[in-house]
Amino acid sequence: MTRHFLSTLDWSRAEIEALLADASELKATRRAVRRNDLAGKSVALVFFNPSLRTRSSFEIGVFEMGGHAVVLEPGKGAWPIEYRDGVVMDGEAEEHVEEVARVLSRYCDLIAVRAFPKFQRWEDDREDAVIQAFAKYATVPVLNMETITHPCQELALALTLRERLGTTDGKKLVVTWTYHPRPLNTAVANSALIIAAKMGFDVTLLCPTPEYVLDARYMDAARTFAKENGRSVTVSHDVDAAYRDAHVVYAKSWGALPYFGRWDEEKPIRDAHKHFIVDERKMALTLEGNGLFSHCLPMRRNVKATDAVVRSPSSLVIDEAENRLHVQKALLRRLIGDAK
Amino acid sequence: MTRHFLSTLDWSRAEIEALLADASELKATRRAVRRNDLAGKSVALVFFNPSLRTRSSFEIGVFEMGGHAVVLEPGKGAWPIEYRDGVVMDGEAEEHVEEVARVLSRYCDLIAVRAFPKFQRWEDDREDAVIQAFAKYATVPVLNMETITHPCQELALALTLRERLGTTDGKKLVVTWTYHPRPLNTAVANSALIIAAKMGFDVTLLCPTPEYVLDARYMDAARTFAKENGRSVTVSHDVDAAYRDAHVVYAKSWGALPYFGRWDEEKPIRDAHKHFIVDERKMALTLEGNGLFSHCLPMRRNVKATDAVVRSPSSLVIDEAENRLHVQKALLRRLIGDAK
Amino acid sequence: MTRHFLSTLDWSRAEIEALLADASELKATRRAVRRNDLAGKSVALVFFNPSLRTRSSFEIGVFEMGGHAVVLEPGKGAWPIEYRDGVVMDGEAEEHVEEVARVLSRYCDLIAVRAFPKFQRWEDDREDAVIQAFAKYATVPVLNMETITHPCQELALALTLRERLGTTDGKKLVVTWTYHPRPLNTAVANSALIIAAKMGFDVTLLCPTPEYVLDARYMDAARTFAKENGRSVTVSHDVDAAYRDAHVVYAKSWGALPYFGRWDEEKPIRDAHKHFIVDERKMALTLEGNGLFSHCLPMRRNVKATDAVVRSPSSLVIDEAENRLHVQKALLRRLIGDAK
Numbered sequence: 010m011t012r013h014f015l016s017t018l019d020w021s022r023a024e025i026e027a028l029l030a031d032a033s034e035l036k037a038t039r040r041a042v043r044r045n046d047l048a049g050k051s052v053a054l055v056f057f058n059p060s061l062r063t064r065s066s067f068e069i070g071v072f073e074m075g076g077h078a079v080v081l082e083p084g085k086g087a088w089p090i091e092y093r094d095g096v097v098m099d100g101e102a103e104e105h106v107e108e109v110a111r112v113l114s115r116y117c118d119l120i121a122v123r124a125f126p127k128f129q130r131w132e133d134d135r136e137d138a139v140i141q142a143f144a145k146y147a148t149v150p151v152l153n154m155e156t157i158t159h160p161c162q163e164l165a166l167a168l169t170l171r172e173r174l175g176t177t178d179g180k181k182l183v184v185t186w187t188y189h190p191r192p193l194n195t196a197v198a199n200s201a202l203i204i205a206a207k208m209g210f211d212v213t214l215l216c217p218t219p220e221y222v223l224d225a226r227y228m229d230a231a232r233t234f235a236k237e238n239g240r241s242v243t244v245s246h247d248v249d250a251a252y253r254d255a256h257v258v259y260a261k262s263w264g265a266l267p268y269f270g271r272w273d274e275e276k277p278i279r280d281a282h283k284h285f286i287v288d289e290r291k292m293a294l295t296l297e298g299n300g301l302f303s304h305c306l307p308m309r310r311n312v313k314a315t316d317a318v319v320r321s322p323s324s325l326v327i328d329e330a331e332n333r334l335h336v337q338k339a340l341l342r343r344l345i346g347d348a349k
Numbered sequence: 010m011t012r013h014f015l016s017t018l019d020w021s022r023a024e025i026e027a028l029l030a031d032a033s034e035l036k037a038t039r040r041a042v043r044r045n046d047l048a049g050k051s052v053a054l055v056f057f058n059p060s061l062r063t064r065s066s067f068e069i070g071v072f073e074m075g076g077h078a079v080v081l082e083p084g085k086g087a088w089p090i091e092y093r094d095g096v097v098m099d100g101e102a103e104e105h106v107e108e109v110a111r112v113l114s115r116y117c118d119l120i121a122v123r124a125f126p127k128f129q130r131w132e133d134d135r136e137d138a139v140i141q142a143f144a145k146y147a148t149v150p151v152l153n154m155e156t157i158t159h160p161c162q163e164l165a166l167a168l169t170l171r172e173r174l175g176t177t178d179g180k181k182l183v184v185t186w187t188y189h190p191r192p193l194n195t196a197v198a199n200s201a202l203i204i205a206a207k208m209g210f211d212v213t214l215l216c217p218t219p220e221y222v223l224d225a226r227y228m229d230a231a232r233t234f235a236k237e238n239g240r241s242v243t244v245s246h247d248v249d250a251a252y253r254d255a256h257v258v259y260a261k262s263w264g265a266l267p268y269f270g271r272w273d274e275e276k277p278i279r280d281a282h283k284h285f286i287v288d289e290r291k292m293a294l295t296l297e298g299n300g301l302f303s304h305c306l307p308m309r310r311n312v313k314a315t316d317a318v319v320r321s322p323s324s325l326v327i328d329e330a331e332n333r334l335h336v337q338k339a340l341l342r343r344l345i346g347d348a349k
Numbered sequence: 010m011t012r013h014f015l016s017t018l019d020w021s022r023a024e025i026e027a028l029l030a031d032a033s034e035l036k037a038t039r040r041a042v043r044r045n046d047l048a049g050k051s052v053a054l055v056f057f058n059p060s061l062r063t064r065s066s067f068e069i070g071v072f073e074m075g076g077h078a079v080v081l082e083p084g085k086g087a088w089p090i091e092y093r094d095g096v097v098m099d100g101e102a103e104e105h106v107e108e109v110a111r112v113l114s115r116y117c118d119l120i121a122v123r124a125f126p127k128f129q130r131w132e133d134d135r136e137d138a139v140i141q142a143f144a145k146y147a148t149v150p151v152l153n154m155e156t157i158t159h160p161c162q163e164l165a166l167a168l169t170l171r172e173r174l175g176t177t178d179g180k181k182l183v184v185t186w187t188y189h190p191r192p193l194n195t196a197v198a199n200s201a202l203i204i205a206a207k208m209g210f211d212v213t214l215l216c217p218t219p220e221y222v223l224d225a226r227y228m229d230a231a232r233t234f235a236k237e238n239g240r241s242v243t244v245s246h247d248v249d250a251a252y253r254d255a256h257v258v259y260a261k262s263w264g265a266l267p268y269f270g271r272w273d274e275e276k277p278i279r280d281a282h283k284h285f286i287v288d289e290r291k292m293a294l295t296l297e298g299n300g301l302f303s304h305c306l307p308m309r310r311n312v313k314a315t316d317a318v319v320r321s322p323s324s325l326v327i328d329e330a331e332n333r334l335h336v337q338k339a340l341l342r343r344l345i346g347d348a349k
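So the protein lines, in turn, are chains A, B and C.
The first sequence finishes on residue 349 if you use my numbering, and the numbering steps up by one all the way, no holes.
The second sequence finishes on residue 349 if you use my numbering, and the numbering steps up by one all the way, no holes.
The third sequence finishes on residue 349 if you use my numbering, and the numbering steps up by one all the way, no holes.
Treat the hints as calculated values from the structure; they're not laboratory data.
Some hints could be false.
Stated by the list, open to error - Below are the EDC-like pairs computed for lysine to aspartate or glutamate, each with C-alpha atoms no more than 16 Å apart in a straight line: (1) A:Lys85 - B:Asp94; (2) B:Lys276 - A:Asp46; (3) C:Lys36 - C:Asp229; (4) B:Lys145 - B:Asp94; (5) A:Lys85 - C:Glu82; (6) B:Lys236 - B:Asp288; (7) A:Lys283 - A:Asp247; (8) C:Lys85 - C:Asp99; (9) A:Lys85 - A:Asp99; (10) B:Lys283 - A:Glu289; (11) B:Lys276 - B:Glu220; (12) B:Lys283 - B:Asp247; (13) C:Lys85 - A:Glu82; (14) A:Lys145 - A:Asp94; (15) A:Lys276 - A:Asp328; (16) C:Lys85 - B:Glu82; (17) C:Lys283 - B:Asp99; (18) A:Lys36 - A:Asp46; (19) A:Lys276 - C:Asp99; (20) B:Lys85 - A:Glu82; (21) A:Lys283 - C:Glu82; (22) B:Lys85 - C:Asp99; (23) C:Lys276 - B:Glu82.
A quick note: this is a predicted structure, and the numbers were derived from the prediction, not measured.
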């Protein structure tokens, strides 16, 4: 049966560690060794939402292993798509995902999909219908380039932390909510939570109110992983306590799930917590005042973190972004490489 | 003189058969043999309209033979273009097709163009002005990726039918109109008609009223081809009679030519013929209840054909889409391959 | 320190001549020699504005030397970007150019940028803030694909003139303003002026009124280059005198700098000078009635130059566009080629 990469939830810690080791090797030898693992192979990158690093790192990663990436943007350069089964398609959609996935499976060796939530009803969005439909109908591996989790970002974060911390077990990582003018996807927060727990961190989820706690699917998974590692997952609304003695502060903004589709009601809460910004004072509370900081990109400067934090030697932002390239190459090799 | 691929009208049956044979060979050896026919060569894919399969299959096909495809979208990522000769260009267009075609001819080895009709005046659209202008000024081959015909789809259909039927001569193929909420291009219908006639089928064109008969250029060509093969082209408005004993049902929606630019007047006629949908009852009328079904993609499910028909073992939809890749590779090899 | 290609102002004539010689060699051997100078290397093409030739010629040039070009369109397929330092990013921009440039520097070997002026305040636009910000933060070479100058077009023009004229020293080149319905960028005019002066031409800048004279930065640079070559730069508003005995007429439209942001006031002046169009009568005034004509593309026919001029044997338009490919390949080889 085709192995997809839809979420890290069903990839074991040992499998993740193997990917990270392979990514390290690919990174170390990148300029010295020309690779051919994907020679003659093609990958479809299907973007329903914008991208800069994801597109660049996948295109370049595929190229560096001898393959070719095709970028498709349904609804822009390509046709709008229907996901539901059995529908009379007399609306906007010109074709069904079944045809799209089955045909791309004939052309390509892997289909990577970016499909953000619609932000109307979390009950719907949490089904992850678009990528699940691709996975249902595709006959080649389907890879998640961010939907309601962002597993490639997880691998990049994990590799970066491994590089800087060595062992991650028993260290303290804080996932902190930060302000953003718009309610954002919980994907990266979900992902940071579960990968940190899987990697053996003691994880603190810092957020303004209980309403900002993440979906139970990810909270529960994180707690399960933590338990397997003999660690814990803690929710906190106390900024200073959360930062205290942390090895790592990982920042991200997201919209509160209970307000899905009623964002006007959530706005005053978000607006009242602009002080959650990651700044020098808070970072001074971390372990020996020397904790690491990271954030996926894009990131609004001086809204989510101050310039000084972003540019400090403790900032992993650029390394984490670079590591997208290496972990994705390892992942592609694992899924469709000749040596798999 | 440069050989273009603007339409199959001026490609003989023998030439088409040779392309199909080559495509079969490329398909059979795709994963086993790395090809180099287009090594160092570039192809421009100029899209005035959206695309998913066309773009993917061309990009991948070119890559699989060692070349590179550049995707250009004039009016989106590129400048709007003027096609008429001698015009004072003080409107929207920033450049003339003469410059576009001549410059791309210096950069690339082939120019492929998708340019749908404007749906205002059929007298204008039937001139196929955009691709004809490219062909006039280009000094490299110009290839039609769908304008008022869709010759690459024709080749894909022909290969698929050859694979499933073996000999096609004397078998019955029905091109059936189906409902679609908008009036669509006649391109694929024109193409299905002429390639089926060229391949020796007895062809029935099934449509709601005489107003849905296709342009005389294609009706006449189909009749000529049929005559050369000792076969016939029949127009029918009787659904059951048309389906009866058919080997192949090919579905497509299109707008009636006499209503061009007055689509509001055509709408009631279209709306009154939603029952032209391809369904199990109708397919049961085909030869031994076992006729093949196909449709180019995109295709609206349960509008043009029911889920059951699309998913049945007699459905060629996915195979036909896959075969785009193989026939286009054969075509590129024929037009610009080193071994031509 | 990383060598960028932001403008030809800081590239010596000897360096330019070396690039042209290399471009000639690449052009002559293009079809005979497969190159590998960029094997395994990637280039980011960042387009804030549309492009046809620039995109095609860079993509193909990179491919022909074994590399891969990634096309990014911030604000379309990618995130909007902030350029100013120290800003609280609570507006439209989702990320800062520092992160973009630093991350792309990890993925790619070179970043090429197209960023047109905003046409509100020339004092702002003349700072060339976007590409300067990329150059400030990138750790790989940054290359100008047109901002407020168009140095790749300069190299293409220079190569084309070298091909047709041999030595360029002491010959007369007229940069003539022409009408266009909209006020355009001065980039190509600035570029034509400075490269012509650098190549040893006597340069005449022909424009409707003193208000159309170019920015002092480029006027002064051109005068300095001309002086180094023992030549002159002349401003003229007399069409016939400017054309008389010219070896080369280079046409371009641009908006008058004093009217920046108040384009309604400039419009009547532009509209009153439609007769600046390059036509047969004016070209007959050139040296032996045989002067060369060129214009970068896109170009509006019968607005900037008549069909007869554009299509005449003296027209360099297509050659200049072709030469973009060759000079850019030479430039990429110089900046990031293995043999540099």
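Results for each hint:
| no. | hint | verdict |
| --- | --- | --- |
| 1 | A:Lys85 - B:Asp94 | 31 Å, violated |
| 2 | B:Lys276 - A:Asp46 | 54 Å, violated |
| 3 | C:Lys36 - C:Asp229 | 33 Å, violated |
| 4 | B:Lys145 - B:Asp94 | 11 Å, holds |
| 5 | A:Lys85 - C:Glu82 | 13 Å, holds |
| 6 | B:Lys236 - B:Asp288 | 31 Å, violated |
| 7 | A:Lys283 - A:Asp247 | 14 Å, holds |
| 8 | C:Lys85 - C:Asp99 | 19 Å, violated |
| 9 | A:Lys85 - A:Asp99 | 19 Å, violated |
| 10 | B:Lys283 - A:Glu289 | 66 Å, violated |
| 11 | B:Lys276 - B:Glu220 | 13 Å, holds |
| 12 | B:Lys283 - B:Asp247 | 14 Å, holds |
| 13 | C:Lys85 - A:Glu82 | 11 Å, holds |
| 14 | A:Lys145 - A:Asp94 | 11 Å, holds |
| 15 | A:Lys276 - A:Asp328 | 32 Å, violated |
| 16 | C:Lys85 - B:Glu82 | 13 Å, holds |
| 17 | C:Lys283 - B:Asp99 | 11 Å, holds |
| 18 | A:Lys36 - A:Asp46 | 15 Å, holds |
| 19 | A:Lys276 - C:Asp99 | 14 Å, holds |
| 20 | B:Lys85 - A:Glu82 | 13 Å, holds |
| 21 | A:Lys283 - C:Glu82 | 31 Å, violated |
| 22 | B:Lys85 - C:Asp99 | 28 Å, violated |
| 23 | C:Lys276 - B:Glu82 | 31 Å, violated |
Hint compliance for this structure: hints 1, 2, 3, 6, 8, 9, 10, 15, 21, 22, 23 are broken, all remaining hints hold.
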